[in-house]
Each structure stands twice: as C-alpha cells, then as structure tokens.
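Okay, here's what each chain looks like letter by letter:
Protein chains: 2
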Amino acid sequence: MQSFHPPQRTLMGPGPSDVDPRILQAMSRPTIGHLDPRFIDLMDEIKALLQLAFKTSNQLTLPVSAPGSAGMEAVFVNLLQRGDKAIVCQNGVFGGRMKENVERCGAIAVMVQDDWGKPVDLNKADTALREHPDAKLLAFVHAETSTGVCSDTRGLAALARAHDCLSVVDAVTSLGGVALEVDQWGVDAVYSGSQKCLSCVPGLSPVSFSDRAVQCIRNRTEKVQSWFLDMNLIMDYWGSGTRRSYHHTAPVNALYGLHEALVILEEEGLENAWARHLHHHKALVVGLEAMGLAMLVEEAFRLPQLNAVRVPTGVDEALIRAALLRDYSLEIGSGLGTLAGKVWRIGLMGHACNRRNVLLCLSALEDTLLAAGADIHAGRALKAAHAFYALKHP
Amino acid sequence: MQSFHPPQRTLMGPGPSDVDPRILQAMSRPTIGHLDPRFIDLMDEIKALLQLAFKTSNQLTLPVSAPGSAGMEAVFVNLLQRGDKAIVCQNGVFGGRMKENVERCGAIAVMVQDDWGKPVDLNKADTALREHPDAKLLAFVHAETSTGVCSDTRGLAALARAHDCLSVVDAVTSLGGVALEVDQWGVDAVYSGSQKCLSCVPGLSPVSFSDRAVQCIRNRTEKVQSWFLDMNLIMDYWGSGTRRSYHHTAPVNALYGLHEALVILEEEGLENAWARHLHHHKALVVGLEAMGLAMLVEEAFRLPQLNAVRVPTGVDEALIRAALLRDYSLEIGSGLGTLAGKVWRIGLMGHACNRRNVLLCLSALEDTLLAAGADIHAGRALKAAHAFYALKHP
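Keeping their order, the protein sequence lines are chains A and B.
Residues in the first sequence are numbered from 1224 upward in steps of one, following the numbering used here.
Residues in the second sequence are numbered from 1224 upward in steps of one, following the numbering used here.
Next comes chain A alone, as it looks inside the complex:
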C-alpha cells in the first residue's frame, strides 16, 4: 500500500470547501500534548476567536472534537431530557436530522414543515409555539445546506424568547459567510462546522451556549446520555483558569488548523467576509442566469455561499458533475432528498469564494452543458460576470 496523494480539486460543492494553504501548513506543525501549557494557551485563543466569529460573549463557546453532526447532537443531548418537547422547523434535509436527534434523546419533536427551497415561516413557528406552551426549545436551520435558503434567525430567536423557549440554531453553513449575531439576536445554542465558510478541514464543530442554555444544562436531573458530548464535563476541560479536568484527548493538529482559519477570518474582518460572499454570489448568479439557468430560491432568501441551481430539463445532472470533476477537477454538489436530480449546489465558501472560482465555474459549466447538448445560451455567462465585476468593486 502506497502513500495517498490526492488530486488538487477546486471545491465548489456544499463543503468541504477549498482550504487555505496557511491552514494546511498550520495543521502540519509538530503535535504537542493536550495538557501542554502552550496548548492551553491555544485553547484560550480559539475560544476568543470563536466568540468573535459568533459575535458572542458566551463563556461556553468552543469546538466540539468531531464534525458538525456531532455538534448538532451535542446541543440536543445537553438541552433535552427524556419526555421534553421540542419544536423543530424543517425546510430541508437538516431539519430532518434535528428531528432524529430530538427523538433519540427520548424527547418529542413537534414538526413545523415548510417547502424545500423556502425559508422557515415565522407565522407557522409562532402558531406552534402557542399550541405547545410546554415546548422547551425551538430549533431551526439558519442556512439550509440542502437548498441554499437563509431563514430569519433574528426573528425566530425573538419568537422563541417571547415564548420562554430556548432557540437552537444550525449555523453549519452560515458561520463566516452571512450575518450571524448570536448575542444581539438572543440565540441560545448554536453549532457550526469547520469545513464550510471557515475554510478549514472537516472534523470540528464550533458551538456556543447562552447563559440561559448553560443554566438548563446545569439544572438537568438526568445525566447527558452521551459521555463524549457532555458539556458539564467539556466545560471543565475548556474552562478558564489553570485547573482543567482531563476529559478526552483533543484533536491537537485539527485545532491548529481551526485556529489559523479563525486568525485569517479576523484578519479579513467578519463583516468584510460576509460582504465578499455576497459580492461573488451576485456575480455567479448573473452569469448563471445569463446562461439561461434558474435559481431554486427566491432572491430575498438566497444564501450567498450555497447556490442551488435548477438542472435544465433533459440533462443528467450526475454526468455533468462527473465531467466537471474529470475535465476541470471542479467539484460541485448534487441535490439531496426531494431535490436529488433536480438541482446542483454550487458553493462559494470562505477561501473558495473568489472571482477566479466564479469564472472557472461559469466557464466549465457552460462548456460541459453545451457538450451534453443542453439548451442554454452560449457565450453570455462570462461576459455578464465580467461586466458585473467591472461595475461593482468589492
């Protein structure tokens, strides 16, 4: 068996996204012990940088030592006990995963359904909150990775608070790519992933809990069903002060990478990063529409970092993706669940969100669709994108 040498891809799918070479370099620095004083310093810096990224002063802000799915699970297993009730808004794949998590905690999930490709309806959420005054939390996805829809997190968190409910926000794809203000919006628990708009490698899940959420965790009458994800134990490990209780062995080098990703984000400025995502998203959409392709999501609710594009009639979407990968080493994503076969998902996340990638994607997609005999307009997409960039300086 030989060493593995991956090809150099351009990652414009739903994540992982292109990783900044600075992050790859950071991860390859020598491993130190997870109880080393220098490592404790690193943990403190990561906490502070995550607080900046989430716009929060929450003390309990840290990366779970596992992918975003584990971050989601960490939130639910810590906040819910058996028999609790949770209202879950679903408008894509990840609301369904929330339901799975709620139910595996022995809790009851009250589902509020919206169409895939539409944002969560605040009226429906409000009705559910009124009908279930005993609900402990309201959970929803800020940035639905399966559809490219952004939901009104500020409004939903306010609704939850008005009904004395905790708000739980899936920010896997939103963190670093679009406005997210944990404190100002009154979000109680939020989880994200390292491999989306932070441009880090996959494997870590930043989470943050408000004081209300921490009280809820401390007041539990049953132990958290997961030892590995028990925040009562993890907060002692990541806590401030010199006495830290050993919990598990932290993924040291992955944390080097996350630290570097957050340093890069701080250097750019969070608001600048949001603006950059919006800018290149607009250029991409201008190009796609000039080609004759249609976006799945109405303009007002589109996520800049995740663009769901309708597959033209008669086109086999998988063949197009395979050709893009083979001929351009370019990865875009397929549709999930009810949208399988119907959309592509084009990511513009973090380091991958730049002019070069927008132009590459438009050019490669046009070429590949024409070769497949698709009925699109030739020769317009790049022109339109170039014209957009000429007018609008980032």
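Relax, there's no trap hidden among the hints.
Ranges of calculated distance between the beta carbons of each label pair, as one might list FRET restraints:
| hint | chain 1 | residue 1 | chain 2 | residue 2 | range |
| --- | --- | --- | --- | --- | --- |
| 1 | A | 1615 | B | 1260 | 33 to 39 Å |
| 2 | B | 1512 | A | 1467 | 32 to 38 Å |
| 3 | B | 1434 | A | 1515 | 51 to 57 Å |
| 4 | A | 1378 | B | 1336 | 52 to 58 Å |
| 5 | A | 1245 | B | 1603 | 45 to 51 Å |
To be clear about the criterion: a stretch of chain A counts as covered by chain B if any three or more of its residues have a C-beta under 8 Å from a C-beta of chain B, and this derived list gives those stretches:
| hint | region |
| --- | --- |
| 6 | 1230 to 1238 |
| 7 | 1317 to 1327 |
| 8 | 1411 to 1424 |
| 9 | 1447 to 1458 |
| 10 | 1474 to 1487 |
Since the hints were derived computationally from the structure, they do not count as laboratory data.
Each residue gets a CB set at the ideal place from its N, CA and C atoms; glycine is no exception.
Guided by the hints, dock chain B onto chain A, whose structure is given.
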C-alpha cells in the same frame, strides 16, 4: 491574534505520542470532497489497512470520526439497549469510563474490580459471568493507559464466548504496540485511538465489530441513542460497493494522516512493531532500575508502550515534569485517579519508541531528579541502557 507555532516536543507521555513527519506531511495535502471517487478509494484502503492492524477480516472495521472516547461510546451505544446488563472489569481509569458509558445507555453495569496496577483477574470475571447469565457483554481494557498494565485479552474473550457473551475490548493504547489478534482471540468489539502506538495525531478512533456484534446491532429493537455514532448508518457510508449513503462529512485530512500511519505500520510489519516496543521498553526499564527507581507493575504484566514508574519518596512529581518540559522539551505523564502524585507514566509509543528517546529520557530524568535532591543512583542509568543495547540487537 497571530498564527500558532507550537514548540517541538518529544512526546513520551500517555499519548499523543511523537507523530512521524510523513504523517504530518500527508495531512497537509489538499482537501478533496468526502464523496470524491478518490476519497472512496482512500476509505477502502484505510479499511483494509485497519483489518491488518487489528488482525481481523471483520467487514465492519473503520475509524470513527472522533477521538478514542467516542470510539468507546460508539461500541456501547450500538451494542447495548436500555435494561441490558454488562459486566465491566475495572483495574484503572478507563474501566470507570466504560461504566459511565454503560449507564448512560440505560443499561446495568456489573463491576468486577481489581487493584490499579494489576491485570484483570480471570477468575473474578468468570465468577461474574456465572452469577449473571443474562449479561450481554463482558468489557475490559486490554492496555490500561492509567497504570501500564496489560490484561489477558485472549483469555477474557474466550471466557466471554464460553458464556455466550460478547467481548468488548478497549485497545486504545494496545493497537500497534503489543500483540492483539481480534479474529484469533474471538474479540467481538474493539476500539482504539489514532494518537498512541499508531503515532498519528489525535482525533480518530479505529473500531472493529465481529459478525456476532453486527448481528446484535442489526437486531436492535430501539434506535441507537446517538445518531452520529449509529453503526447502522455508518456502515452504509463506509460500506463496500459504489452506492454509499451520505452520513456525516468525514474528517478528510485526518484520514490522510491515519492512512499514512497505517502504511508506515504495514511497511515495518505489525509483529516487528510489537518487537520494537518490547525491545526499547526493556532498555528503559534496565536504565530506570539502575537509577534506583521502581516500576509500578509486575514484570509479567507490563505494557512496553506505557511505563508507570513510582515517584521516589519526597519528590514533587509535578515539579519534575515541569522541569523536563522546560529544560528538555520532553513530555512525560502524571498519574491519574488513585495514582495521582504517585507515579509517572513514560510512553514509548510508535514513532516515539526508539533508542534516542530512551536515552534522552533516562538522561533528562536522572539530571532533573538529582537537581531536585532525590535519592537516586547517579551515573548508572545510561551505562545500563547502553550495555543492554550493546547485547540485544533489535
């Protein structure tokens, strides 16, 4: 905030251990998508390499996308249902963590206690199995990282099988460092960690389940309480064939590292790696004893890769460790639980298990102990180790 530049340590604690530079380099290669055909090939190779390392043909052999503690939890949440009974042998910290996991599954843990520093007593385990014919599994730690004791995994697994019980083995510190034969010994479920004798960075947990264990998982009447660790879902993701169901986003670059670690192990040969651990362990012990220090564990049950050494009377063990880190950039471990303050734990794991490190450790420890006024023999340790190496060629 600046980029983080860790110091170059020599890691001779209980893990993480020194990481081979080839592994750090592998991890810094470009990220590819977790559904990329080339990544699927990588997954298949990792499975095959893990089967070699575990000496098993178990189909369900893969790395859990999180540290060893999550591997432990993955085994228990998949095998146990509420109300099940598990016999847990405890002779150190990690048997206690197993109990926590069993109980958080809503199952009953029947504890078999042995002194810390002694191996699990087969007679006691046999008695417990006779007294609890309804027990579903017998769980124990192969290599107790907290004490440096090796327990008779072959004998315990055979006992479990004789009583129609599944055997669950914690091989976090044993895999790659000492004989472990999953198939030949009839082990049903085993979990390990990437950061011990595999010399990879921390963050992944190789696991393997026998066909009996897989049947048990498939026949569950309740869902696994953890979505993230549900092997019914994970086996579809890591399964063979071209149709793989998306589960979570795999930690791509960490898996590059694990793959390289396993390639290195295959190049050396598993049995050669075991022999190398034993060889340098003997040299270390010869030196430590020449210095006048005493090992915690009786010779027959010592783990080569984890050496628990008694702290001489009157010595503040934490000051010695701090001095080793400060003056030699050398990390050794402290005692845990009831052994806190009483022992050091010197690791000789994987890439860190070599002659240079043995001599560095003996030299640095002697110097530091003498400076602290400890009553040890000066000038003997290195001589003894050199003499050992001169006689015994690896």
